[in-house]
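Q: Spelled out from the first residue to the last, the chains are:
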Amino acid sequence: MTHARWQRQLSAYVDGELTPHEAEEVQAHLAQCESCRAELDRLQSLKSLLGRLPERPVPETLWTSIRAQLDRPQQSWIALVEQWLRGVVRRPALAAAALALVAVLVAIPLVRGRLERLRAAELGPELYIREHALASASDPFLDRAYLGLLISDAGLALVGAPREETKESR
Amino acid sequence: MMRRLIPVVWLATALAIPGLRVGASASLPSARDVVASMVAAPALVDYEATKVLTAVHEDRAETVTVLESYKRLGRLRLEFLSPESVSGRLVIDDGVSVWQYEPSQHLVIHGPSFVHTAEGPERVEEFLRSALIAVLGTEEVIGRQTVALAMETRDAGPSRRYWVDRETGVILRTEERDARGEIVFTSFFTRISFGLNLPSALFRFTPPSGARAIDLYESGDPVSSPEALQQASGVWVPPTLPFGYRFRAGAVVHHGALTSTSASYTDGVRTLTVFLTPSSRMAFPQVGVPVQMDAGAARLLDVGYFRVLMWQVGSTTFALAATLSPSRLLLVARALAPRQ
Chain C
61 MTHARWQRQL SAYVDGELTP HEAEEVQAHL AQCESCRAEL DRLQSLKSLL
111 GRLPERPVPE TLWTSIRAQL DRPQQSWIAL VEQWLRGVVR RPALAAAALA
161 LVAVLVAIPL VRGRLERLRA AELGPELYIR EHALASASDP FLDRAYLGLL
211 ISDAGLALVG APREETKESR
Chain W
4 MMRRLIPVVW LATALAIPGL RVGASASLPS ARDVVASMVA APALVDYEAT
54 KVLTAVHEDR AETVTVLESY KRLGRLRLEF LSPESVSGRL VIDDGVSVWQ
104 YEPSQHLVIH GPSFVHTAEG PERVEEFLRS ALIAVLGTEE VIGRQTVALA
154 METRDAGPSR RYWVDRETGV ILRTEERDAR GEIVFTSFFT RISFGLNLPS
204 ALFRFTPPSG ARAIDLYESG DPVSSPEALQ QASGVWVPPT LPFGYRFRAG
254 AVVHHGALTS TSASYTDGVR TLTVFLTPSS RMAFPQVGVP VQMDAGAARL
304 LDVGYFRVLM WQVGSTTFAL AATLSPSRLL LVARALAPRQ
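Here the protein sequences come in this chain order: C and W. Letter by letter, the first sequence follows residues 61 to 230 in our numbering. Letter by letter, the second sequence follows residues 4 to 343 in our numbering.
Relax, there's no trap hidden among the hints.
Derived Cβ-Cβ restraints for the label pairs, each shown as a range: (1) Ile168(C) to Pro202(W): 48 to 58 Å; (2) Leu170(C) to Pro210(W): 31 to 41 Å; (3) Ala221(C) to Gly184(W): 32 to 42 Å; (4) Ala298(W) to Val149(C): 54 to 64 Å; (5) Gly184(W) to Ile168(C): 47 to 57 Å; (6) Gln234(W) to Ile168(C): 32 to 42 Å; (7) Gly91(W) to Ala156(C): 53 to 63 Å; (8) Gln234(W) to Ala158(C): 41 to 51 Å.
What the hints contain is simulated information worked out from the structure, not anything from laboratory work. Given the structure is predicted, the values throughout are model-derived calculations rather than measurements. Here a beta-carbon is modelled for each residue, glycine too, at the ideal position from N, C-alpha and C.
Go ahead and model the full structure; you've got the sequences and the hints to work with.
A: As structure tokens, this is what we get:
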């Protein structure tokens, strides 16, 4: 057993919590170890000091309050919602703001999706024109300059800068 | 019997073009030779030229003038001169990617190349198989001898005429007519200089300082079969469509939150593209003019060179882009219906 562990055993020895065999082992060690004897003296004086302290009575209300907490039933989620609703009634402006925030958070993806679909409806035909013109390039007798014009016009429209005439004519 | 007569009738009609010197037919090259020279031209010559383009959008025509420079193999520089709305626009395609500079916005857009380099003899054969091609005669265009060539797909839809430089195979003038014979697009050079061996620096783009730059690469990796496209996007498209269109490539296209599946088809000459977009991602577009379809309301957008038909079925918005007439687009749209 290490010295540190002997010192931890001393507290139990002072309190009389060791088995007779363990107590004998501690006593044998104390006979050889000066620092443990000093520690034993310190613990015994501390114990006698604590024993001289006066006893204070427990307040009578303590148990009553503990009992009341134990007897109170668990609050259900319905009760929590009711409690929240009561709060809403008391602070309607705050509740309205919270609801508006939730509505905005739900609406953002829906609106964004709808806008993206509408934007795609504008860009889709340009994408078709560009991809078809690129596919048509396999015909070696097609006019390259006109293909270049179609592809470049559609490219501009796809990046959001359509040529004015092209837009007007469609 | 009627099918056999179509090429004969078409050729007789095509030849009835005033101004062509058909009498010189003894010295005329064959359609195969002319097509071969057109296909080979991008690998053989550089040029620097001024071109005028006119496209008809519904009842309105727009004319655009552009300085066009081309360098072997597949490098193109376009400087738009007029109208004012495009004046100053610069487009440089180095064969790998394209750079567009818009001076009015001080904006640079970078995207995939649209210039293909010269193709092999198999492409010539594909053209000859897929289209009715006839040499109409010879004509002088901006002081150069050209061979006039008529090309029409076998469904008797829109037709094209080319005036091909006899020496170089470069197309000096183009006309596209709709199924009714009305001209919907023309382009011609007002001057051209060949064989200049143009400096490479002309085809390198240097972003102007302080310009905003945006990358526009929207297409995912292309797939080469409808099955692979279905695997990539969960969307089914047919392997073939009316008027001889067959599946060529597909991809999933993204632009911001907008996602669409595209499938391009070819009849051997022209391209038709089908787009399928979830309606949850895109409201129905309101551009173009309303048209009525079996599936309900649809919109038709006339871009000038081609048209885009859009309609909605269930939770999907369909779009068809092609040079076909509106009635033919509606027929193709109907062919997409059974599996919708």
